[in-house]
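Protein chains: 2
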Amino acid sequence: MASETAPPSRAPPRKLTGKKQEIDAFIDQFDTFLFDCDGVLWRGSVLLPKVVETLEMLRSRGKKLVFVTNNSTKSRETYSKTFAKFGIPVTVDEIFGSAYSTAVAISRVHKIPEGKRVFLIAEAGIEEEFDAEGIPHFGGSQPLGFPDEDVAEHCGPDPTVWAVVTGLDRKLSYAKLAMAFGYLQDPNVHFFATNVDSTFPMPGRLLPGAGSCAAPLTLMTGRTPVAFGKPSLAMMDSIESKYKLDKERACMVGDRLNTDIQFGIQGGLKGTLAVLTGVSTEKEILEAGETGDGPDVYLDCLGDLLG
Amino acid sequence: MASETAPPSRAPPRKLTGKKQEIDAFIDQFDTFLFDCDGVLWRGSVLLPKVVETLEMLRSRGKKLVFVTNNSTKSRETYSKTFAKFGIPVTVDEIFGSAYSTAVAISRVHKIPEGKRVFLIAEAGIEEEFDAEGIPHFGGSQPLGFPDEDVAEHCGPDPTVWAVVTGLDRKLSYAKLAMAFGYLQDPNVHFFATNVDSTFPMPGRLLPGAGSCAAPLTLMTGRTPVAFGKPSLAMMDSIESKYKLDKERACMVGDRLNTDIQFGIQGGLKGTLAVLTGVSTEKEILEAGETGDGPDVYLDCLGDLLG
Numbered sequence: 002m003a004s005e006t007a008p009p010s011r012a013p014p015r016k017l018t019g020k021k022q023e024i025d026a027f028i029d030q031f032d033t034f035l036f037d038c039d040g041v042l043w044r045g046s047v048l049l050p051k052v053v054e055t056l057e058m059l060r061s062r063g064k065k066l067v068f069v070t071n072n073s074t075k076s077r078e079t080y081s082k083t084f085a086k087f088g089i090p091v092t093v094d095e096i097f098g099s100a101y102s103t104a105v106a107i108s109r110v111h112k113i114p115e116g117k118r119v120f121l122i123a124e125a126g127i128e129e130e131f132d133a134e135g136i137p138h139f140g141g142s143q144p145l146g147f148p149d150e151d152v153a154e155h156c157g158p159d160p161t162v163w164a165v166v167t168g169l170d171r172k173l174s175y176a177k178l179a180m181a182f183g184y185l186q187d188p189n190v191h192f193f194a195t196n197v198d199s200t201f202p203m204p205g206r207l208l209p210g211a212g213s214c215a216a217p218l219t220l221m222t223g224r225t226p227v228a229f230g231k232p233s234l235a236m237m238d239s240i241e242s243k244y245k246l247d248k249e250r251a252c253m254v255g256d257r258l259n260t261d262i263q264f265g266i267q268g269g270l271k272g273t274l275a276v277l278t279g280v281s282t283e284k285e286i287l288e289a290g291e292t293g294d295g296p297d298v299y300l301d302c303l304g305d306l307l308g
Numbered sequence: 002m003a004s005e006t007a008p009p010s011r012a013p014p015r016k017l018t019g020k021k022q023e024i025d026a027f028i029d030q031f032d033t034f035l036f037d038c039d040g041v042l043w044r045g046s047v048l049l050p051k052v053v054e055t056l057e058m059l060r061s062r063g064k065k066l067v068f069v070t071n072n073s074t075k076s077r078e079t080y081s082k083t084f085a086k087f088g089i090p091v092t093v094d095e096i097f098g099s100a101y102s103t104a105v106a107i108s109r110v111h112k113i114p115e116g117k118r119v120f121l122i123a124e125a126g127i128e129e130e131f132d133a134e135g136i137p138h139f140g141g142s143q144p145l146g147f148p149d150e151d152v153a154e155h156c157g158p159d160p161t162v163w164a165v166v167t168g169l170d171r172k173l174s175y176a177k178l179a180m181a182f183g184y185l186q187d188p189n190v191h192f193f194a195t196n197v198d199s200t201f202p203m204p205g206r207l208l209p210g211a212g213s214c215a216a217p218l219t220l221m222t223g224r225t226p227v228a229f230g231k232p233s234l235a236m237m238d239s240i241e242s243k244y245k246l247d248k249e250r251a252c253m254v255g256d257r258l259n260t261d262i263q264f265g266i267q268g269g270l271k272g273t274l275a276v277l278t279g280v281s282t283e284k285e286i287l288e289a290g291e292t293g294d295g296p297d298v299y300l301d302c303l304g305d306l307l308g
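Chains as they are written, first to last, in the working numbering: chain R, 2 to 308; chain F, 2 to 308.
Honestly, the hints are just simulated from the structure, not real lab data. Backbone N, C-alpha and C define an ideal beta-carbon position, used for all residues, glycine too. Some hints here could point you the wrong way.
Claimed, not checked - Covered stretches of chain F (in silico footprint by chain R; criterion: 3 or more residues with CB under 8 Å from a CB of chain R, positions within the stretch not fixed):
(1) 148 to 155
(2) 162 to 172
(3) 201 to 214
Unchecked claim - If the Cβ cut is set under 8 Å, some of the chain F residues that face chain R in the computed set are:
(4) Phe87
(5) Pro90
(6) Val91
(7) Val93
(8) Phe97
(9) Gly116
(10) Pro217
(11) Met221
Generate the whole structure from the sequences, applying the supplied hints.
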């Protein structure tokens, strides 16, 4: 009886060996590979081994590549320069960032009404994507227009404010939090986040992530933002729609179990591939497999796909 | 049987009438009155009616008065100037603020070791109280000593850091949060808060409170700070010890159910008195009474104690 109600079981994570036959069989299952970037392609400012060659090999076999990042501080245009710096050929259209995902959701799915605007706790990446989608915004990297200590005079409700959007904001201030809190006390004002990653990994250390900029607002209002980054299904829906993705022929490649691999599993992709060049360790991957939260396969590094 | 396991019941909150006899009977139960300040004595910049006369009447009847505030931005010395501005006679020793409570707990209860220091996300009030107790500190209102954007180079573990203390910090910055997060990743570093009030009431509006400055750290580390403000029992213990308080002859007076009145009830004081000049409404007070969380008695305003 118990087995009838158990969730469909997933096989334990399997380490791909270097055998050409096994690797080819794995690759041949998919038409599209979605890649997390930091921890998979590079680590901080260091390009990981044989990444350029591996992506080139996948392209030569006709695979579509999509680069999916929760980094909300850069627009797709700006993020493409990071690829260029590492010598990785990429087009802007192949990049799908949480800032872009948020902009598209606001303009095309939620359809912000005429005459309304968005208050931002975020950096320039979101502003560039909002400008491209024609979404009026204020806050963010722009001066507030008054001294921070006068915020009490400027943080009431505002009928022109339709939403508050939080991302990673390394210029976070009490004044911005006070203004956002003022707007969010109106339950009609939407509360969105590019992503709610608690931390922002840098080489050798962790810094506060976008979720840390939303946390005070959640404490004050009791409201949780709708997030558009991994592992949110809203991001998968946007990707599916933009790239005409056949999920049965797609694989998510990432280094973090709780964002990348969850994103692939919950998003209903046929495959998930973890690499050990980022956050999650082999031990964590095997443990996650015991609860059905592990990847299908894993590799020491992406370059091992070359065999 | 059920009645044997039920908690001791508390009578529903009772509104004190203006009858001299009833008011005298209430006052005569107590030797000490603990007062919340904002919402009880004044509201923002406005002194509430007959406050000076009421406090004078209590003093003339030999009552000891203690003013208990969660406001961590002012030292007792600085806070006494607010009383002077309103024309309320008070001595510094009658004021018990969360900044002072935190300083006393760190120096006398937790006994910070020689050569160690505290990183502050807080304002000058805590710094003054820490200086008075001889507690070494950095951060807070002091410059970090490097540009904020270089924080990644300055947020590692530091063996001299013994604790992180958060209070209300209207100069909160990403750099301070990143540094605190760096220290708190070491489980041996204490995590303290002056108080965890989510909001900071101002006339006509709410601003982010001290709890909002701690919330990102809780999200990132999974750690909850030990708080020394109302309704923390640590604050009641400090008050009991400093003033040789007989709880059976003490009454807490406040305007907020979830801080002031809870503080009195959980702290085991004989009496609790709510006033309707602040945050909690009569409806909320009566509803709280149904779950045993209401005050013993309430009044429209403190001045009604004059009869």
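Verification of the hints:
no.	hint	result
1	148 to 155	holds (count 4)
2	162 to 172	holds (count 3)
3	201 to 214	holds (count 9)
4	Phe87	violated (20 Å)
5	Pro90	violated (29 Å)
6	Val91	violated (26 Å)
7	Val93	violated (26 Å)
8	Phe97	violated (25 Å)
9	Gly116	violated (25 Å)
10	Pro217	holds (4 Å)
11	Met221	holds (5 Å)
The structure shown violates the earlier hints numbered 4, 5, 6, 7, 8 and 9.
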